[in-house]
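K.L.:
Heads up: the sequence shown begins at 1 in full-length UniProt numbering, then just goes up one per residue.
Among the hints, erroneous ones may be present.
Cross-link-like lysine-lysine pairs, in silico, DSSO-like; alpha carbons within 30 Å at most [unchecked claim]:
| no. | residue 1 | residue 2 |
| --- | --- | --- |
| 1 | K132 | K105 |
| 2 | K92 | K105 |
| 3 | K132 | K186 |
| 4 | K105 | K186 |
| 5 | K179 | K195 |
| 6 | K132 | K92 |
| 7 | K83 | K132 |
| 8 | K83 | K173 |
| 9 | K27 | K62 |
| 10 | K141 | K179 |
| 11 | K106 | K27 |
| 12 | K179 | K92 |
| 13 | K179 | K235 |
| 14 | K241 | K225 |
| 15 | K83 | K105 |
| 16 | K195 | K141 |
| 17 | K173 | K105 |
| 18 | K27 | K83 |
| 19 | K132 | K27 |
| 20 | K132 | K195 |
| 21 | K195 | K235 |
| 22 | K105 | K225 |
| 23 | K83 | K106 |
| 24 | K195 | K106 |
| 25 | K132 | K100 |
| 26 | K173 | K225 |
| 27 | K173 | K186 |
| 28 | K141 | K92 |
| 29 | K179 | K91 |
| 30 | K235 | K186 |
Quick list of the computed label-pair ranges, beta carbon to beta carbon [stated by the list, open to error]:
| no. | residue 1 | residue 2 | range |
| --- | --- | --- | --- |
| 31 | A198 | Q13 | 20 to 26 Å |
| 32 | I177 | A146 | 35 to 41 Å |
| 33 | Q219 | R15 | 20 to 26 Å |
| 34 | E5 | D222 | 18 to 24 Å |
| 35 | L2 | K105 | 32 to 38 Å |
| 36 | L242 | K100 | 46 to 52 Å |
| 37 | E209 | S80 | 35 to 41 Å |
| 38 | N73 | T164 | 45 to 51 Å |
| 39 | E131 | N73 | 25 to 31 Å |
| 40 | G55 | A146 | 38 to 44 Å |
Bear in mind the hints are in silico, worked out from the structure with no lab data behind them.
Built from N, CA and C at the ideal position, the CB exists for glycine as well.
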Amino acid sequence: MLEIEEIIRPAHQGRTTPFLCNASDGKAYYVKGYAASVAGLIKEWMGANLAQAFGLPVPPFKIALLDDRLAANYGGLAASELKGGHVFASKKVASATELKFETLKKINTLLQLNVLMFDLWVENLDRTLTEKGGNPNLLWKTDESAGLYVIDHNLIFDDEFNRTDFWTTHVFKSVFINKQYDAVEKLDFEARMNKALACWQSAWDNIPEEWIELNDDTQCFDPGKHLQRLSNEAKGDIWLKLP
1 MLEIEEIIRP AHQGRTTPFL CNASDGKAYY VKGYAASVAG LIKEWMGANL AQAFGLPVPP
61 FKIALLDDRL AANYGGLAAS ELKGGHVFAS KKVASATELK FETLKKINTL LQLNVLMFDL
121 WVENLDRTLT EKGGNPNLLW KTDESAGLYV IDHNLIFDDE FNRTDFWTTH VFKSVFINKQ
181 YDAVEKLDFE ARMNKALACW QSAWDNIPEE WIELNDDTQC FDPGKHLQRL SNEAKGDIWL
241 KLP
């Protein structure tokens, strides 16, 4: 298993207090732990697996092991909000910054639509951006290999998901203006959802036992409920959520 060997610093942004760390494979990762909550960590892991299988550009990610002593010795937020144990690690993308509103026009329309539909499917209200600001949870790689990366899935499967809010606030909502889905396009999205669902069981089986035990104690994430809804929507129910 990947091991965290050095805690470098807290990330510049992030409500779940991620830390930039060096790992045993010689790579740098943004790491989330205790502050993300067990439900948030499970959602990060399952969401990243689903997004990757759906075909979205997701930075390489792994579950890693962080020694308690490393977090304690770093002190501060690492000791109180990262702590030790199994953590979610997302590989640092070189030359990447948070997506800015003025960059939206550079993103392929189909990719925007794919992100929009994925977020609708996993009920993610946490991808907002307007000319006044927001929280897109998207990275834009600024060098010669410019491109978009999708990150942060700790708030998917939102029990308070509101369809009106989604279509009002999503960063890529404008791609849907006057959009009409034909039968072939709908079948393609349903096929992508079903392909993504094929990874659910293997992803769940790779969740650390400590996360499962904590979730069993708190009952904060119901995998059966979410899997059933995802499956129903992959069979066509998702189109009932269009504006």
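K.L.:
Now tell me if each hint is right for this structure.
P.N.:
Right, here's what the structure says about each hint:
Restraint check for K132 and K105: satisfied, since their Cα atoms lie roughly 16 Å apart, inside the 30 Å limit. A hinted pair counts as satisfied when its Cα atoms are at most 30 Å apart, and K92 with K105 qualifies at roughly 24 Å. Between K132 and K186 the CA atoms are separated by roughly 33 Å; this puts the pair beyond 30 Å, and the hint is violated. A distance of roughly 25 Å separates the Cα atoms of K105 and K186; the hinted pair therefore holds under the 30 Å criterion.
Distance check on the hinted pair: K179 and K195 sit about 24 Å apart at the alpha-carbon level, within 30 Å; holds. Our distance criterion of 30 Å between C-alpha atoms is met by K132 and K92, whose separation comes to about 27 Å. Taken as a hint, the K83 and K132 pair is broken in the structure, with Cα atoms around 35 Å apart against an allowance of 30 Å. For a cut-off of 30 Å, the pair hint linking K83 to K173 is broken: about 37 Å separates their Cα positions.
Among the hinted pairs, K27 with K62 is consistent with the structure: their alpha-carbon atoms are about 12 Å apart, no more than 30 Å. With a C-alpha separation of about 28 Å, the suggested pairing of K141 with K179 holds against the 30 Å cut-off. Taking the CA atoms of K106 and K27, the gap is about 29 Å. The hint holds against a cut of 30 Å. For the proposed pair K179 and K92, the alpha carbon gap of about 35 Å is over 30 Å, so the pair is violated.
For the suggested pair K179 and K235, the alpha carbons sit about 21 Å apart, so the restraint of at most 30 Å is met. Of the pairs offered as hints, the one joining K241 and K225 holds, with about 18 Å between alpha carbons and a cut-off of 30 Å not exceeded. Distance hint between K83 and K105 is unfulfilled; the C-alpha atoms sit about 40 Å from each other, more than 30 Å. In summary, the hint linking K195 to K141 is supported, as the alpha carbons are separated by about 27 Å, within the 30 Å threshold.
For the suggested pair K173 and K105, the alpha carbons sit about 13 Å apart, so the restraint of at most 30 Å is met. The suggested pairing of K27 with K83 holds, with an alpha-carbon distance near 20 Å, which does not exceed 30 Å. Proximity of K132 to K27 is assessed by CA-CA distance (about 35 Å); at most 30 Å being required, the pair is judged violated. With a C-alpha separation of about 36 Å, the suggested pair K132 and K195 falls outside the 30 Å cut-off, and the hint is violated.
Between K195 and K235 the alpha-carbon distance is near 12 Å, which keeps this suggested pair within the 30 Å criterion. Proximity of K105 to K225 is assessed by CA-CA distance (about 37 Å); at most 30 Å being required, the pair is judged violated. Proximity of K83 to K106 is assessed by CA-CA distance (about 39 Å); at most 30 Å being required, the pair is judged violated. Under the criterion of a C-alpha separation no larger than 30 Å, the hint pairing K195 with K106 is consistent with the structure, at around 28 Å.
Between the alpha carbons of K132 and K100 the distance comes to roughly 10 Å, so the proposed pair stays at or under 30 Å and holds. The straight-line distance between the Cα atoms of K173 and K225 is roughly 27 Å, inside the 30 Å bound, and the hint therefore holds. A hinted pair counts as satisfied when its Cα atoms are at most 30 Å apart, and K173 with K186 qualifies at roughly 18 Å. Proposed proximity of K141 and K92 is supported: the alpha carbons are some 11 Å apart, at most 30 Å.
In summary, the hint linking K179 to K91 is not supported, as the alpha carbons are separated by about 35 Å, beyond the 30 Å threshold. Between K235 and K186 the alpha-carbon distance is near 10 Å, which keeps this suggested pair within the 30 Å criterion. Between A198 and Q13 the Cβ separation comes to about 33 Å, which falls outside the hinted range of 20 to 26 Å. Between I177 and A146 the C-beta distance comes to about 25 Å, which lies outside the given range of 35 to 41 Å.
Under the hint 20 to 26 Å, the C-beta atoms of Q219 and R15, about 23 Å apart, fit the expected range. At about 35 Å, the beta-carbon gap between E5 and D222 misses the expected band of 18 to 24 Å. The given range of 32 to 38 Å is respected by L2 and K105, whose C-beta atoms sit roughly 37 Å from each other. The supplied range of 46 to 52 Å is broken by L242 and K100, whose beta-carbon atoms lie about 28 Å from each other.
Checking the proposed 35 to 41 Å range against E209 and S80 shows it is violated: the Cβ atoms sit about 24 Å from each other. Taking the beta carbon of each, N73 and T164 are about 48 Å apart, inside 45 to 51 Å as hinted. Roughly 44 Å separates the CB atoms of E131 and N73, a value that falls outside the hinted 25 to 31 Å. For the pair G55 and A146, the supplied restraint of 38 to 44 Å is violated, since their beta-carbon distance comes to about 19 Å.
Comparing the model with each earlier hint shows violations of hints 3, 7, 8, 12, 15, 19, 20, 22, 23, 29, 31, 32, 34, 36, 37, 39 and 40; every other hint is respected.
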